[in-house]
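**Q** Protein chains in written order, with my numbering: chain A, 1 to 329; chain B, 1 to 249.
It is worth saying that the hints were derived from the structure and are not from the lab.
Given the structure is predicted, the values throughout are model-derived calculations rather than measurements.
Hints are not guaranteed to be accurate.
What the hints assert, rightly or not - Computed cross-link-like contacts, SDA-like style, restricted to lysine to any residue with a CA-CA straight-line distance of at most 20 Å:
1) Lys28/B <-> Leu113/A
2) Lys99/B <-> Lys286/A
3) Lys286/A <-> Glu244/B
4) Lys32/B <-> Lys265/A
5) Lys265/A <-> Ser17/A
6) Lys99/B <-> Ser17/A
7) Lys286/A <-> Asn247/B
Unchecked claim - Incomplete in silico selection of chain B near chain A, CB under 7 Å:
8) Arg73
9) Pro203
10) Glu206
11) Val211
12) Arg212
13) Ala232
C-beta atoms are modelled at their ideal positions from N, C-alpha and C, and glycine is treated no differently.
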Amino acid sequence: MANVLAFAEQRDGQLGSAAREAVSVAAGLAEASGGAVHALVLGGPGVSGAASGLGAYGASMVSVGEHDALVEYNPEAWVGLVVEQVRSGDYAAVVFAATTLGKDLAPRVAALLDVPLASDVTGVEMSSGTVSVTRPVFSGKAFARLEIDATPALVSIRPNVFQATERAAAGEVSTFTPELDASALRVRVVERKGASEGTVDVSEASVVVSGGRGMKDPEHWGLLENLRDALGSDVALGASRAVVDAGWRPHGEQVGQTGKTVAPKLYIAVGISGAVQHLAGMRTAKTIVAINRDADAPIFSVADYGIVGDLFDVVPRLTEEIGALRSSD
Amino acid sequence: MNVIVCIKRVPDTEARIRVDGSGAAIDKTGIKYDMSPYDAFAVEAALRLKETTGEGDVTLLTLGDSSSQETLRKGLAMGADRAVLLTGDVSLDGLATAKTLSAELEGMDADLFLFGIKAADDDQQQVGPMVAALTGRPCVSGVSSFEVAGGTATCNREVEGGSEVVEVDLPAVLCMTKGPNEPRLAALKGIMAAKKKPLEEKPAAEIASRVRLTGLSEPPARAAGRIVGEGADAVPELVRLLREEANAV
Ligand SMILES: Cc1cc2nc3c(=O)[nH]c(=O)nc-3n(C[C@H](O)[C@H](O)[C@H](O)COP(=O)(O)OP(=O)(O)OC[C@H]3O[C@@H](n4cnc5c(N)ncnc54)[C@H](O)[C@@H]3O)c2cc1C
Ligand SMILES: Nc1ncnc2c1ncn2[C@@H]1O[C@H](COP(=O)(O)O)[C@@H](O)[C@H]1O
Numbered sequence: 001m002a003n004v005l006a007f008a009e010q011r012d013g014q015l016g017s018a019a020r021e022a023v024s025v026a027a028g029l030a031e032a033s034g035g036a037v038h039a040l041v042l043g044g045p046g047v048s049g050a051a052s053g054l055g056a057y058g059a060s061m062v063s064v065g066e067h068d069a070l071v072e073y074n075p076e077a078w079v080g081l082v083v084e085q086v087r088s089g090d091y092a093a094v095v096f097a098a099t100t101l102g103k104d105l106a107p108r109v110a111a112l113l114d115v116p117l118a119s120d121v122t123g124v125e126m127s128s129g130t131v132s133v134t135r136p137v138f139s140g141k142a143f144a145r146l147e148i149d150a151t152p153a154l155v156s157i158r159p160n161v162f163q164a165t166e167r168a169a170a171g172e173v174s175t176f177t178p179e180l181d182a183s184a185l186r187v188r189v190v191e192r193k194g195a196s197e198g199t200v201d202v203s204e205a206s207v208v209v210s211g212g213r214g215m216k217d218p219e220h221w222g223l224l225e226n227l228r229d230a231l232g233s234d235v236a237l238g239a240s241r242a243v244v245d246a247g248w249r250p251h252g253e254q255v256g257q258t259g260k261t262v263a264p265k266l267y268i269a270v271g272i273s274g275a276v277q278h279l280a281g282m283r284t285a286k287t288i289v290a291i292n293r294d295a296d297a298p299i300f301s302v303a304d305y306g307i308v309g310d311l312f313d314v315v316p317r318l319t320e321e322i323g324a325l326r327s328s329d
Numbered sequence: 001m002n003v004i005v006c007i008k009r010v011p012d013t014e015a016r017i018r019v020d021g022s023g024a025a026i027d028k029t030g031i032k033y034d035m036s037p038y039d040a041f042a043v044e045a046a047l048r049l050k051e052t053t054g055e056g057d058v059t060l061l062t063l064g065d066s067s068s069q070e071t072l073r074k075g076l077a078m079g080a081d082r083a084v085l086l087t088g089d090v091s092l093d094g095l096a097t098a099k100t101l102s103a104e105l106e107g108m109d110a111d112l113f114l115f116g117i118k119a120a121d122d123d124q125q126q127v128g129p130m131v132a133a134l135t136g137r138p139c140v141s142g143v144s145s146f147e148v149a150g151g152t153a154t155c156n157r158e159v160e161g162g163s164e165v166v167e168v169d170l171p172a173v174l175c176m177t178k179g180p181n182e183p184r185l186a187a188l189k190g191i192m193a194a195k196k197k198p199l200e201e202k203p204a205a206e207i208a209s210r211v212r213l214t215g216l217s218e219p220p221a222r223a224a225g226r227i228v229g230e231g232a233d234a235v236p237e238l239v240r241l242l243r244e245e246a247n248a249v
């Protein structure tokens with residue numbers, strides 16, 4: 001009857017897909033362990049307002065730590081609170097989302113609890129009390145199956161891979177105000193440079209439109225922006241390393257081995273040859289479309305659908321057709 | 001300012017990974033190895049810091065088998081001053097690795113401990129922050145560049161959809177991502193000099209792994225892709241397939 005804890009990440013006070021997916025995966029594990037799902041949310045005053053919504057994904061209890069010093073993520077302020085929550089419950093497993101925040105926080109929690117962590121998993125299950133996971137290794141060129149010989153088993157789940165499924169539970173919220181001394185923190189965020197309003201990060205978007213050297217010039221990115229806008233919301237721009245190194249696009253958009261790993265519903269590669277290091281970052285996308293004028297480009301070997309042709313003809317037409325399709329919905 | 005950089009020897013990013021007959025290990029034939037790419041960014045950052053401050057030593061630390069000597073020599077050829085190789089098994093339990101490294105780091109005197117954000121073989125992205133937690137040092141991960149002044153490091157940190165400027169008190173752990181400074185290639189002079197630099201090899205503290213590998217598999221081959229057609233005329237058919245078959249738009 002062991003319970004499972006989900007760390008539910010809020011951003012700007014909102015509980016998004018990272019939180020829903022973590023709670024949902026925890027609920028799947030709790031079904032196997034016969035226990036309940038607890039969720040932990042940390043944030044600024046008022047964040048508890050959104051927390052009861054996690055009940056819809058299976059959380060029976062949601063602990064919400066609210067404090068001015070928790071508005072923004074600071075590992076020094078957060079890690080102790082998570083460790084305390086884990087220690088206070090007799091959890092079989094703890095689930096984090098492998099976001100930038102989760103990837104920073106979870107290993108610290110693991111080290112302080114002295115239990116291993118399986119990072120960025122794409123599959124997780126529990127049977128007879130043992131948690132086993134599947135996770136990509138060698139940048140997705142292989143998958144490892146692992147059993148975790150420790151309790152609680154700590155996992156972080158790759159964003160966009162697990163479906164957030166609705167399962168009604170109480171979602172009872174209890175709010176607490178931790179004691180924190182912001183002046184004692186050895187790590188201080190002094191400035192935050194956000195991307196422009198409303199843009200989605202490439203690692204989290206459900207659709208990614210990526211451009212490579214075939215785009216020829218950074219000025220041509222307007223073509224990709226138009227396609228992005230035609231595809232709707234939750235769409236991000238991505239890039240190959242060649243164009244990032246050339247200074248055409250910011251590193252935050254780079255997809256691949258030395259960039260971000262993405263697993264969107266749809267990945268559209270435009271003028272990208274498909275080097276192994278690029279494929280490493282996007283091969284787990286559900287559907288891959290490639291537009292390239294070279295029929296032998298390696299990107300076609302992983303693409304579900306390809307068009308061989310000049311991107312300067314194909315992309316505007318694609319934007320037009322998708323726009324037409326979506327406006328007729 | 002003394003800097004320690006933890007680096008790992010991993011298959012080259014071009015390597016074709018195949019699972020061997022045991023189903024639990026990779027087939028090592030023909031695989032070339034190299035310093036993990038983000039670790040190379042960390043080494044570069046350490047060398048630049050030494051060059052700008054004009055003082056301090058850069059020490060490299062690796063846990064691995066004796067073939068890791070080659071990787072350490074490469075770092076020495078780039079310009080690091082000395083290297084330590086802890087010989088021992090590397091498991092998929094990042095905490096076991098972190099404990100082994102921490103046992104050594106505890107006794108080492110440095111202001112900065114640099115890690116790659118993730119190793120290009122197990123992709124765990126955990127050893128750096130774990131070492132920080134185990135050794136009680138503050139840590140910033142995802143650092144693309146940093147400057148040091150007056151007992152603090154000011155770091156540019158990449159986060160979803162933007163970046164942050166984060167200050168951290170020294171001594172600190174920084175986990176480096178790709179930054180503006182491409183890792184340098186070792187010049188011939190550096191390669192010659194590296195042969196004479198100290199490389200200490202000693203057995204690692206043994207820490208049992210609590211993560212058991214039960215199988216390794218190659219990714220399911222993606223169903224043979226389809227060339228929908230050529231040029232803009234193929235677009236209507238592509239859009240139809242995306243809607244009706246893939247349910248993606
Ligand atoms: C250690 C290491 C790490 C790396 N990490 C990454 C990484 O994280 N991400 C990454 O992307 N790369 C990475 N790389 C680089 C990688 O090897 C490739 O060099 C890079 O991905 C190539 O980018 P590209 O496809 O945009 O350019 P190119 O390989 O030059 O391909 C351009 C493509 O555009 C097509 N094209 C040109 N004009 C047109 C047109 N008018 N219409 C249609 N198609 C056109 C061409 O046919 C070609 O296929 C890494 C390399 C190393 C060594
Ligand atoms: N065996 C090792 N020896 C030295 N450093 C390591 C080792 N494994 C991991 N590291 C360091 O920890 C970073 C993160 O590794 P990982 O958590 O395995 O992705 C790497 O980039 C290295 O800096």
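**Q** Does each hint hold? Answer for all of them.
**A** Comparing the hints with the structure gives:
As the CA atoms of Lys28/B and Leu113/A are separated by approximately 35 Å, the hinted pair breaks the 20 Å bound. Taking the CA atoms of Lys99/B and Lys286/A, the gap is about 37 Å. The hint is violated against a cut of 20 Å. Taken as a hint, the Lys286/A and Glu244/B pair is honoured in the structure, with Cα atoms around 15 Å apart against an allowance of 20 Å. Of the pairs offered as hints, the one joining Lys32/B and Lys265/A is violated, with about 34 Å between alpha carbons and a cut-off of 20 Å exceeded.
Only pairs whose Cα atoms come within 20 Å are accepted, and Lys265/A paired with Ser17/A is accepted, the gap being roughly 14 Å. At most 20 Å may separate the alpha-carbon atoms for a hinted pair to count; Lys99/B and Ser17/A exceed this at roughly 33 Å. Note on Lys286/A and Asn247/B: the hinted pairing holds, with a Cα-Cα distance of about 10 Å set against a maximum of 20 Å. Hint status for Arg73/B: violated, given a least beta-carbon distance of 23 Å to chain A, over 7 Å.
Because the closest C-beta pair between Pro203/B and chain A is about 22 Å apart, greater than 7 Å, the hint is violated. Because the beta carbon of Glu206/B sits about 16 Å from the nearest beta carbon in chain A, more than 7 Å, this interface hint is broken. At a threshold of 7 Å, the smallest CB-CB gap from Val211/B to chain A is about 5 Å, leaving the interface hint in force. Interface restraint check for Arg212/B: the shortest CB-CB distance to chain A comes to about 4 Å, inside 7 Å, so the restraint holds.
Interface hint status for Ala232/B: upheld, as the beta-carbon distance to the closest one in chain A is roughly 4 Å, under 7 Å.
In summary, the numbered hints that this structure violates are 1, 2, 4, 6, 8, 9, 10.
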